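*Asks:* In order, the protein sequences belong to chains A and B. Going by the UniProt record's numbering, the first sequence opens with residue 1, and the numbers climb by one from there. Going by the UniProt record's numbering, the second sequence opens with residue 1, and the numbers climb by one from there.
These are computed hints drawn from the structure, not numbers from a lab.
It does not matter which identical chain is meant; a pair holds if it fits inside one copy or across any two.
Mimicking DSS-like on lysine-lysine, the simulated pairs with C-alpha atoms at most 30 Å apart in a straight line are:
no., residue 1, residue 2
1, K347, K216
2, K216, K185
3, K143, K185
4, K216, K143
Here the structure is a predicted model, which means the values were calculated and not measured.
2 protein chains.
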Amino acid sequence: MPDTLTLPSPADFHVHLRAAPQTALLAPHVLAGGMHLAYVMPNLSPPLTLPQHTVAYLAHLRALAPEIDIRGTLFLSPALTPQLIREAAQAGIAGVKSYPRGVTTGSEGGIESYEVYYDVFEAMQQHGLVLNLHGEVPSDASKNISVLTAEATFLRHLVALHARFPRLRIVLEHATTRAAVECVKALGDTVGCTITPHHLDLTVDDWAGRPVNFCKPVAKHPDDREALRDVIRSGHPRFFLGSDSAPHPLAAKLPSAVSHGASALAAHACAAGIYTSPILLPLCATLLESFGALEQLAGYVSTHGRAFYGMPAPQGKDVTLVRRKSTVPMSYVLEQHQHLPQGAPEKCEVVPFWAGRELEWSLEP
Amino acid sequence: MPDTLTLPSPADFHVHLRAAPQTALLAPHVLAGGMHLAYVMPNLSPPLTLPQHTVAYLAHLRALAPEIDIRGTLFLSPALTPQLIREAAQAGIAGVKSYPRGVTTGSEGGIESYEVYYDVFEAMQQHGLVLNLHGEVPSDASKNISVLTAEATFLRHLVALHARFPRLRIVLEHATTRAAVECVKALGDTVGCTITPHHLDLTVDDWAGRPVNFCKPVAKHPDDREALRDVIRSGHPRFFLGSDSAPHPLAAKLPSAVSHGASALAAHACAAGIYTSPILLPLCATLLESFGALEQLAGYVSTHGRAFYGMPAPQGKDVTLVRRKSTVPMSYVLEQHQHLPQGAPEKCEVVPFWAGRELEWSLEP
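Here chain A stands alone, though its shape is the one from the complex (with noise of 0.2 Å):
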């Protein structure tokens, strides 16, 4: 057993670093966590759907994390063109991320209508950006879709764009099921596979009844963790680390029955999101080496994904873990006497994954 691990510069494919001012917070973690390249989701609100706001929006993510290679998508949506995706790959946007129900304008239709956007896929394909895909469709209890199906379900979506769009580089984000390795891996090179680490901890039974391990796509059964930690162990170069960090504040995760009463149980929805983002190497140590892929760990948190992106580890910059345990925080707190604004809650407090427990490896300080 290595007592110190070295990785080349370590990138996070997917990371939610949402709005100012939680941005003040959440933008250093990225560092904090091991990473040296954020490669960021465009759902905001309102969302980036305009490479003038990508480009803002990644101004101000690098302005507070200097040191961070932050690259930046958009969100697919009937704004987009051919022209603002050539103007996009001009700006240096790296991708576009498809969400279920931002395909169409309405719900009904949902992913079904991929079609619209084929000219704009066929400028992505020419101007090398990345399509990302959160690949579920919908639930549809007359189709006997719902969380638990609605990644199976969207895989014919993704086999269908791959065969119409050959050299577009696509990317099924967030994979948590047997079925959707099965299909990556069935396709061809241009198609590449984000797994979080929390996937690769969680099954069903541990966000039952547990809001702080709920996110969407949901934890599905112990066999669909064991083909995401086989095809991790396994080494397979297109499938790499995309955290899918989302931090939501405490409040959203746990409405306070003391403060809102019967309703607050009645009503509420839990966010759905796991924060890992600044844990997220000496996490995904510990997580590989409990299902015996400590050595694949290069590959999945920096080299397949950068790879696959063209976006190769700058020289000199590797990062050491060393085995020493830590504690994982109970939460992290941006107090408004910092940064918040006037007029905003007192203070935004997240509440990471494993809050509380203990990690085996540690950054080298």
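Given the coordinates of chain A, assemble chain B onto it according to the supplied hints.
*Replies:* Same frame as chain A, now just chain B:
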């Protein structure tokens, strides 16, 4: 569409009335929900493992709700013997409830060791006691068993028990899957099955991130819900109401982030259970009408269960529902000054299923 419905003395064949002081709040709710008979579960703390425990508990409940026909059960444990089954029968105890983790003293063996109770089951068959099965096996990731598959995996035990004790009346409690419905239908007339109203309403999508709808067994796929609705629509005589109404104090369902901070979110597993007792008959009517089964209501809430248990509806005890909307209360509160002992929390507040939502039917005053 009828505007009144007359039901012969409705009966709830699976209800949790908890222990004092909560019983003072909960026991009268059985009648408030339109039920004349309550078949109460023995999983108190400590559980009702001996006939004398159940006898004392029933006396306590009957004093609080003298209008209700309250029937009791024993908790299956190594304390039970054929002699105690005989005494239970003489004391009027109607059944024995088996819980997965109570089957053996440890948790590893789980449900595997029903064999050690064969002499008890033989005595139950002889004395006419019913075996009430919580039909789930413990989760076991190595066997791909989770809360989603725990029931289907259990069914072989039901089949084996029925084959070994064909005259023993067995009830598979709170069935949630198509597999369970098909299994029970295929077995003999001594095997019945309770179906809760909430499982006729919910799927996994409804409890994902929503503690108020979290219960065990968890609600499953839309297709499973359809199988439950189908068998009620069909009027199958061995499927009947057991509400599994299981109140938990608000704080157990939704720990307060205000008073406990981040640790509440990090550590807490929300209590599993849905409270339907005080709205039970109007809820059942509303639900069955919503999926075209209103004409099976009398069978579901009264005659099927009463026939299976040999507890016929008393004459002149009909209950009438009228088509009149009512709103489900946000909560029910047991105030300290009424019943709670010194030192107890200031109040015990429970949030019902469908809190704040509208029911289509009301009890005739």
